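Enquirer: Below, each chain spelled out in residue letters.
Protein chains: 2
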Amino acid sequence: MIQTVNQTVMHSYPGMVALVTVTHKGENNIMAAGWHTYISYDPPIYGVAIGRERHTYQMIKDAEKFAINFVPFENSSLIQQAGVYSGSRVNKFEKENIRFEHGSATNSPILHDAYIAYECEVMDRNSYGDHDWFVGKIVQFYKDKDKFYKNGLPNFDKLTIPLYLGRSQYTCIGKKSEFVSHKIEE
Amino acid sequence: MIQTVNQTVMHSYPGMVALVTVTHKGENNIMAAGWHTYISYDPPIYGVAIGRERHTYQMIKDAEKFAINFVPFENSSLIQQAGVYSGSRVNKFEKENIRFEHGSATNSPILHDAYIAYECEVMDRNSYGDHDWFVGKIVQFYKDKDKFYKNGLPNFDKLTIPLYLGRSQYTCIGKKSEFVSHKIEE
Chain W
1198 MIQTVNQTVM HSYPGMVALV TVTHKGENNI MAAGWHTYIS YDPPIYGVAI
1248 GRERHTYQMI KDAEKFAINF VPFENSSLIQ QAGVYSGSRV NKFEKENIRF
1298 EHGSATNSPI LHDAYIAYEC EVMDRNSYGD HDWFVGKIVQ FYKDKDKFYK
1348 NGLPNFDKLT IPLYLGRSQY TCIGKKSEFV SHKIEE
Chain F
1198 MIQTVNQTVM HSYPGMVALV TVTHKGENNI MAAGWHTYIS YDPPIYGVAI
1248 GRERHTYQMI KDAEKFAINF VPFENSSLIQ QAGVYSGSRV NKFEKENIRF
1298 EHGSATNSPI LHDAYIAYEC EVMDRNSYGD HDWFVGKIVQ FYKDKDKFYK
1348 NGLPNFDKLT IPLYLGRSQY TCIGKKSEFV SHKIEE
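The listed protein sequences correspond, in order, to chains W and F. For the first sequence, my numbering assigns the number 1198 to the initial residue and increments by one for each residue that follows. For the second sequence, my numbering assigns the number 1198 to the initial residue and increments by one for each residue that follows.
Keep in mind the hints are simulated off the structure, nothing from the lab. Computed from a predicted model, the values in this text were never measured in an experiment. Worth double-checking, as some hints may not be accurate.
For chains that are exact copies, the list does not tell them apart, and a pair is met inside one copy or across any two.
Unchecked claim - For lysine-lysine, the following BS3-like pairs were computed, each having C-alpha atoms within a straight-line distance of at most 30 Å:
| hint | residue 1 | residue 2 |
| --- | --- | --- |
| 1 | 1373 | 1344 |
| 2 | 1222 | 1342 |
| 3 | 1258 | 1344 |
| 4 | 1342 | 1292 |
| 5 | 1355 | 1222 |
| 6 | 1292 | 1380 |
| 7 | 1347 | 1292 |
| 8 | 1372 | 1355 |
| 9 | 1372 | 1258 |
| 10 | 1258 | 1347 |
| 11 | 1334 | 1373 |
Okay, chain W solo, but in the shape it has when bound (with noise of 0.2 Å):
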């Protein structure tokens, strides 16, 4: 039975982790973020939430500028590489031999294994709490093709999506899930 708490609950998980990229005065780095989200479709605009102590943080806040990637289950020990390590410490990239190129609107790392990925110009930024909220206009799009069915649904039988729990553990969507539709006849 649903009754209050007197502590906080965070329940941003089961969900899909973000590989948000940036490349600034030819540095590149590439952080896990759990908190984000589409906010509008036309014209398209992205949403982040970055810890300020982060090293990505200050790099995307002088770029302007980054990319947002998602990979694939048989990748997902790639999304927490990349939140656990820290881009000033280690280059992610060499460490991990991730290999991607530079999108061509932001420069930002698009990510090879990624089955979607955009690069985003930052509109607007504010503070609220402990992290800065990102607002991304996407200005170019990638998609691995094959890994969807015309009608935009994921072909699970190609395409496994990650999704992150909390304390290192993921789970996945893929062709093993179970299905069902609501569709509504008015």
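Position chain F relative to chain W; hints supplied.
Expert: Okay, now just chain F, sitting in the frame of chain W:
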């Protein structure tokens, strides 16, 4: 292989849907929101994107408070109903026989069947493209403690979490899902 595409790619799902509730001037309403996230842990702050054409939009804008509710997979048809019907035409609580109590902090409906809920006071709102981004300070937490372990992770023997896929399709994370740990020992 990932490549640039010249059309909008919206990869928000699979993801949890937030049931956003509000009570204003004696009227109760509920809507489904796919674009929402935690923004700050300390203090706890939550954000949600709401289309300006939604009946809920004006109510939350005026009330300056709302609640976020998460319901289990067995109630996922409710998510679809909250998303399809408009509170301007039907009282969704009566139509769907949704049981709730008014939250102690904001008077917003807290669903009996929710397993987690937050009451929020609006602390900021910005228009970005076709949605407004509401930022809410969480002022009261609710939890169905039986469905979680002490470490905060869901007990999937007792809770199956619904995820929206798009196009009225839902999937879930539960005891039959695949789990992996990517714990890094530094």
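Enquirer: With reference to the structure, classify each hint as holding or not holding.
Expert: Results of checking the hints against the structure:
no.	hint	result
1	1373 to 1344	both (16 Å within a copy, 24 Å between copies)
2	1222 to 1342	neither (32 Å within a copy, 48 Å between copies)
3	1258 to 1344	neither (33 Å within a copy, 40 Å between copies)
4	1342 to 1292	within (29 Å within a copy, 41 Å between copies)
5	1355 to 1222	neither (37 Å within a copy, 50 Å between copies)
6	1292 to 1380	between (46 Å within a copy, 17 Å between copies)
7	1347 to 1292	neither (36 Å within a copy, 35 Å between copies)
8	1372 to 1355	both (9 Å within a copy, 23 Å between copies)
9	1372 to 1258	neither (39 Å within a copy, 41 Å between copies)
10	1258 to 1347	neither (36 Å within a copy, 37 Å between copies)
11	1334 to 1373	neither (35 Å within a copy, 38 Å between copies)
Violated hints for the displayed structure, listed by number in ascending order: 2, 3, 5, 7, 9, 10 and 11.
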